[in-house]
Amino acid sequence: MDDVFLDGLKRDWRSDTADIAHLRKWVARRKARLRAAPWGNLASVLLMGGLFLGFALAAFDRRDPVTALGAFAYLVALVAVSVGFVKSLRNRFVDSQETPLDFLRLHRRLIAAARRSLWGARCAAIILIALCAAVWLMAAAGYARPGLAAFQSATWGAAAILTWAWQIWRRRGLDDEADACDRMIAACEEADREKA
Amino acid sequence: MRSLEEIIDSYGAGIARLAASYEADPMLQEDLTQDILLAIHRALPSLRAIDRLGPFVFRIAHNRGVEHVMKEMRIKRQRAVEIDPEPDTGGPERHVMAGDSSQRVHRAIRRLPLPYRQVITLLLEDLSYAEIGETLGISASNVGVRVNRAKAQLKAMLDG
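Protein chains in written order, with full-length UniProt numbering: chain A, 1 to 196; chain B, 1 to 160.
Chain A extracted, bound-state conformation (with noise of 0.2 Å):
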């Protein structure tokens, strides 16, 4: 470097230096959290799998609608952990290997596809109310108790609830997470465009 400006920026730049063995000493406890995620996922999965199982099973075993319903709620959680257990397993395997401008471009493309998957959600949130209206009809119809009914429905409107208010606030912040992207992307590509 040599340049009067570039070497007092330099010295400026590399006079903020980093605690060495601290950052060690946290990356190794990082490290360990790392390797224990994807198990709190897979037992997340299990459980799901092994309540419903239990309330299939018991449903089958009672012939009771309402414990069938329940069996059915817990397949709909099963399956929501089940993508959250495997895309946790993908994202270990994207590496940061790409040019920034393609690693931006690649990260575009995860936002949107995020952003479509967000009908999951919505649907999950639509199959818990219906659950909700067809607890209410076996109750009227006589093959449910009204205060089971009145618990169940409580249980999957509120969980429809938060669905649905959770799919609003992840749209948006994805929706932020895209404008970020795009500005950035814009930034790289106007600068591969300049000249001399």
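Check the hints yourself; a few may be wrong.
[Stated by the list, open to error] Only some residues are given here: those of chain B computed to face chain A with a beta carbon under 8 Å:
1) D25
2) M27
3) A43
4) I50
5) L53
6) M70
7) H106
8) Q118
9) L124
10) G137
11) N142
12) R146
Rather than coming from a laboratory, the hints here were simulated on the basis of the structure.
The beta-carbon is built from N, C-alpha and C at its ideal position, and this holds for glycine as well.
Chain B: place on chain A using the hints.
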């Protein structure tokens, strides 16, 4: 093959500085530095030539920095994140007067548009034009153009 611990010893300080070029909040800077190091750890098996370690490490660092900016946008912590900052009423060459000279330089670099910020941080970490080009996937001549533009903007911000 180098271990992550060796990479932390050799590049840890540089990676932390690079993280500071994407994030102003010291706590989030530290998180980002750790994220970068973990990404390097995951990607290490794909490193083919050990003599290309610098570009390898800094490419991952910049990509994680960019990803961090997008995530921060998502959770609306824009106060601490600089993507491609809009000039304020003083224009892009506004002065960066507050703080010591190191802080002023960091603040000025964070205010650079992303492509200029990337080349200047790599240059300040002693990468050659060829290595910067390899890191960012651009030609050495384009590196030169971006360095000149970055220098001009930094001069305006720091000297003006």
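Cross-check of the supplied hints:
With its C-beta approaching chain A no nearer than about 15 Å, D25/B sits outside the 8 Å limit, and its interface hint is violated. Hint status for M27/B relative to chain A: violated, with the closest Cβ pair at about 12 Å, above 8 Å. Checking A43/B against chain A by beta carbon gives a least distance of about 4 Å; that is within 8 Å, so the hint holds. A hinted interface residue such as I50/B counts as satisfied when its beta carbon comes closer than 8 Å to some beta carbon of chain A; here the least separation is about 16 Å, so the hint is violated.
Because the smallest distance between the Cβ of L53/B and any Cβ of chain A comes to about 13 Å, over 8 Å, the interface hint for this residue is violated. The interface hint given for M70/B holds, since its Cβ lies 5 Å from the closest Cβ of chain A, which is under the 8 Å cut-off. For the restraint placing H106/B at the interface with chain A, the shortest Cβ-Cβ distance is roughly 7 Å, inside the 8 Å limit, so the hint holds. Nearest Cβ of chain A to the Cβ of Q118/B: about 6 Å, under the 8 Å cut. The hint holds.
Hint status for L124/B relative to chain A: holds, with the closest Cβ pair at about 4 Å, below 8 Å. Proximity of G137/B to chain A holds as hinted, the smallest CB-CB distance being about 3 Å (cut-off 8 Å). With a least beta-carbon distance of about 7 Å to chain A, the hint placing N142/B at the interface is held under the 8 Å criterion. Residue-level restraint check for R146/B holds (minimum Cβ-Cβ distance to chain A is 6 Å; threshold 8 Å).
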